[in-house]
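Visitor: Sequence:
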Amino acid sequence: MTAERQHFREELRLQAAERFARGEGTTAIARDLRVSVRSVQRWRHAWAEGGPRSLRSQGPASLPRLSDR
Numbered sequence: 002m003t004a005e006r007q008h009f010r011e012e013l014r015l016q017a018a019e020r021f022a023r024g025e026g027t028t029a030i031a032r033d034l035r036v037s038v039r040s041v042q043r044w045r046h047a048w049a050e051g052g053p054r055s056l057r058s059q060g061p062a063s064l065p066r067l068s069d070r
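In the working numbering, the protein residues as written are 2 to 70.
Among these hints, one or two may not hold up.
[Said to hold, decoys possible] Simulated restraints, written as ranges between beta carbons of each label pair: (1) ALA47 x ALA4: 15 to 25 Å; (2) ALA4 x SER68: 21 to 31 Å; (3) ARG54 x ARG23: 10 to 20 Å; (4) HIS46 x SER68: 36 to 46 Å; (5) GLU25 x GLU50: 13 to 23 Å; (6) ALA22 x SER68: 45 to 55 Å; (7) ARG54 x THR3: 39 to 49 Å.
Quick caveat, the hints were computed from the structure, so don't treat them as lab data.
For each residue, glycine too, the CB sits at the ideal point set by N, CA and C.
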């Protein structure tokens, strides 16, 4: 994933966090941000456990390999 795309997705999660704090519903957030309800549910759970900081990007899911060996 490009850094630009990663930043875009992080911004979506942070927008959702602002709406969680206002008490908005999962379905409305998913619809407005054009993401799945399941994604918003996962974000809400992470936010409840660790606050907005838990929604920040944490780098690539795995390190790229140098070769197939």
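Visitor: Could you run down the list of hints and mark each one as holding or not?
Guide: Evaluation of the provided hints:
1. The beta-carbon spacing between ALA47 and ALA4, approximately 21 Å, falls within the hinted interval of 15 to 25 Å.
2. A hinted range of 21 to 31 Å for the beta carbons of ALA4 and SER68 is consistent with their spacing of about 24 Å.
3. A hinted range of 10 to 20 Å for the beta carbons of ARG54 and ARG23 is consistent with their spacing of about 18 Å.
4. Under the hint 36 to 46 Å, the C-beta atoms of HIS46 and SER68, about 38 Å apart, fit the expected range.
5. One distance hint, 13 to 23 Å for the beta-carbon pair GLU25 and GLU50, holds here, with the actual separation near 19 Å.
6. At roughly 46 Å, the beta carbons of ALA22 and SER68 sit within the given window of 45 to 55 Å.
7. Between ARG54 and THR3 the Cβ separation comes to about 23 Å, which falls outside the hinted range of 39 to 49 Å.
Figure legend: structure checked against the earlier numbered hints; the only hint not met is number 7.
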